[in-house]
Amino acid sequence: MAVSDVISQRAYVAAPQRSAATRLLEDERWLAAVLLLPTVILLGLFIAYPFVEGVWLSVTDATVGVPGHFVGLANFTALLHDSIFLVAVQNTFVYTAVATVFKLALGLWLALLLNRHFRGKAFTRAFVLLPFIIPTVLSTFAWKWMFDPTFSVINWTLFQLGLIHSRINWLGDPNLALISVIIVNVWRGVPFYAISLLAGLQTINPELQEAAAIDGARPWQRFWHVTWPLLLPVTMVVVLFSVIQTFADFQLVYVLTGGGPANATQLFATYAYQIGVGTGLLSQGAAVSLAMFPFLLIIVVVQLLYIRRVEVH
Amino acid sequence: MIEGAKWRRWVYFYIPLGVFILWLLFPFYWMLVTSVRPDRELYRPWMAPNYAPFWTAHPTLVHIVDLLTQTLFIRWMANTLFIAIVSTLISLFCGLLAGYALSRLKFPGGGALGTGIFITYLVPQTLLFIPLASIIRNFKLGDTPWALILTYPTFLIPFCTWLLMGYFKAIPRELEECARIDGATRWKAMLYIIFPIAVPGILSAGIFAFTLSWNEFIYALVFLSSAEQKTVSVGVTSELVRGDVFYWGQLMAGALLGSVPVAFIYSFFVEYYVAGLTGSVKG
Chain D
1 MAVSDVISQR
11 AYVAAPQRSA
21 ATRLLEDERW
31 LAAVLLLPTV
41 ILLGLFIAYP
51 FVEGVWLSVT
61 DATVGVPGHF
71 VGLANFTALL
81 HDSIFLVAVQ
91 NTFVYTAVAT
101 VFKLALGLWL
111 ALLLNRHFRG
121 KAFTRAFVLL
131 PFIIPTVLST
141 FAWKWMFDPT
151 FSVINWTLFQ
161 LGLIHSRINW
171 LGDPNLALIS
181 VIIVNVWRGV
191 PFYAISLLAG
201 LQTINPELQE
211 AAAIDGARPW
221 QRFWHVTWPL
231 LLPVTMVVVL
241 FSVIQTFADF
251 QLVYVLTGGG
261 PANATQLFAT
271 YAYQIGVGTG
281 LLSQGAAVSL
291 AMFPFLLIIV
301 VVQLLYIRRV
311 EVH
Chain U
314 MIEGAKWRRW
324 VYFYIPLGVF
334 ILWLLFPFYW
344 MLVTSVRPDR
354 ELYRPWMAPN
364 YAPFWTAHPT
374 LVHIVDLLTQ
384 TLFIRWMANT
394 LFIAIVSTLI
404 SLFCGLLAGY
414 ALSRLKFPGG
424 GALGTGIFIT
434 YLVPQTLLFI
444 PLASIIRNFK
454 LGDTPWALIL
464 TYPTFLIPFC
474 TWLLMGYFKA
484 IPRELEECAR
494 IDGATRWKAM
504 LYIIFPIAVP
514 GILSAGIFAF
524 TLSWNEFIYA
534 LVFLSSAEQK
544 TVSVGVTSEL
554 VRGDVFYWGQ
564 LMAGALLGSV
574 PVAFIYSFFV
584 EYYVAGLTGS
594 VKG
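Protein chains in written order, with my numbering: chain D, 1 to 313; chain U, 314 to 596.
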């Protein structure tokens, strides 16, 4: 019949057309290119391009609404003579180092506790992660309120316990502010360490522990010679992520102190925000946040090399 | 378990664990009791003899009602929800395709691209927010949800890709080869054989990405300016603090309610969330 002829003819025509695209996608290279296209476009537009733009901004004297002219490395040399910037660099290193040490130690301790068998384990683990999943800015407000010099519940508790006799100005005292901020950072980071390290602990064969116990190893020796070396690769990756996030931290300080008092808690990111957004000096702000880059690069390279070495052994 | 006397179990296990839990959860309890505390009790100095911090004598809903009626809180919640959902979907879509390509296809430059995506995974938001703000302005996206919907994938896609690559690598090649011998194209084998197997991974990546975008702060702070466009974190931070005055009752109510959606999703998918978290740090 004529009608069916038309249909089959059309189908005949359509088939090779469809298979042209399909055949192209059968080639691994073309398929990969198509699959990666959306990712490459988005990351190119909003990571690679801003990076180039940031480098360009940092060598000009642009402010909000004013394109600016090329000034070479003037912004960076100005930073070397900027006493607030130098304080911020020092603070960032202290903040990162101290917070990371405490997060690792406490996180590991909590992971070891959670690795035991006890009733309500799954429940406890779910609750322990709460500080990490609740929006940081919101939970930080709870801390700010707890640190309030006049209404502080922490002061009240310490006073009732007889540990203090006058009020402690947690966030207002330049000598204490950085410590207070670190406490909150540790609070927020410990669950991340604990749960990640717990996952690492659970991959370690318990027979190794038992064998060491039979050989007469004490609990501390078993941890140091059996568990810790096996946990080290996971630990290093967790530390890598945490160090980067802590080094580039912004929201905690922004909410708690805004960098004060007298820049005692100023970090790279808060200072970049203060200059770039607060004052509108785009180029200098871009220079401050780009100054983080070499430090981050060194941290990442050193840690990745170390991880590779650990994994080879 | 700990061997030996009962007191050892208390000293080495119950007490430390109890202190950890108290420390980790107390701020949330504090949010809760503060948000229902009337101002009369709220602004009582800790030195005052009748300061009773751990309990609210006359609980009130006034802060929560004020928050919902006098401020744009509900609007901020809706904004955040919309932004988090759309940016998560975009990131899952991109991450799924890219993760498949990088883990299962051989093509020139694949290794370099994989490394590139891993490096962007390590780029913190605070490194690029100033140039990104001027790019957003140039694209005329400033003060719209799209400023965040399009920029959040920059940290979500690398995470999703990385996590899903782990899942894809674990799926045996034979499965795909069988499907292709039966006449399926590469595209169909990917869509109908591989992706369904990776559903737990997709769910983990999606939940984790959702919480990450709900928590994001600095981009939202810099790219949005009008009160109606703000997300919960930024709205609570900037609109509930007027000048130097902190409305603590409203702030704590906002912090509590603003955390509810994340906590809700988390409570249903704890296992997937933990899988996402631990998968994200696996090398």
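Calculated from the structure, these hints are not laboratory results. All C-beta atoms, glycine included, are put in the ideal place defined by N, C-alpha and C. It is possible that part of the hints are untrue.
[As the list claims (entries may be wrong)] Derived Cβ-Cβ restraints for the label pairs, each shown as a range:
1) U:483 - D:232: 42 to 50 Å
2) D:206 - U:512: 25 to 33 Å
3) D:311 - U:422: 23 to 31 Å
4) U:368 - D:76: 25 to 33 Å
For this session: May I ask you to test the hint 25 to 33 Å on the CB atoms belonging to residue 368 of chain U and residue 76 of chain D?
Result: Once the Cβ atoms are compared, 55 Å apart, the range 25 to 33 Å for residue 76 of chain D and residue 368 of chain U is violated.
Exercise. Is the distance from the Cβ of residue 311 of chain D to the Cβ of residue 422 of chain U consistent with 23 to 31 Å?
Worked result: Given about 25 Å between the Cβ atoms, the range holds.
Exercise. Quick one: are residue 206 of chain D and residue 512 of chain U within 25 to 33 Å, going by C-beta?
Worked result: Roughly 31 Å apart at Cβ, these two residues keep to the hinted range, so it holds.
For this session: Return holds or violated for the Cβ distance of residue 483 of chain U and residue 232 of chain D against the range 42 to 50 Å.
Result: Violated: the Cβ-Cβ distance is about 23 Å, outside 42 to 50 Å.
Of the hints listed earlier, those the structure fails to meet are numbers 1 and 4, in rising order.
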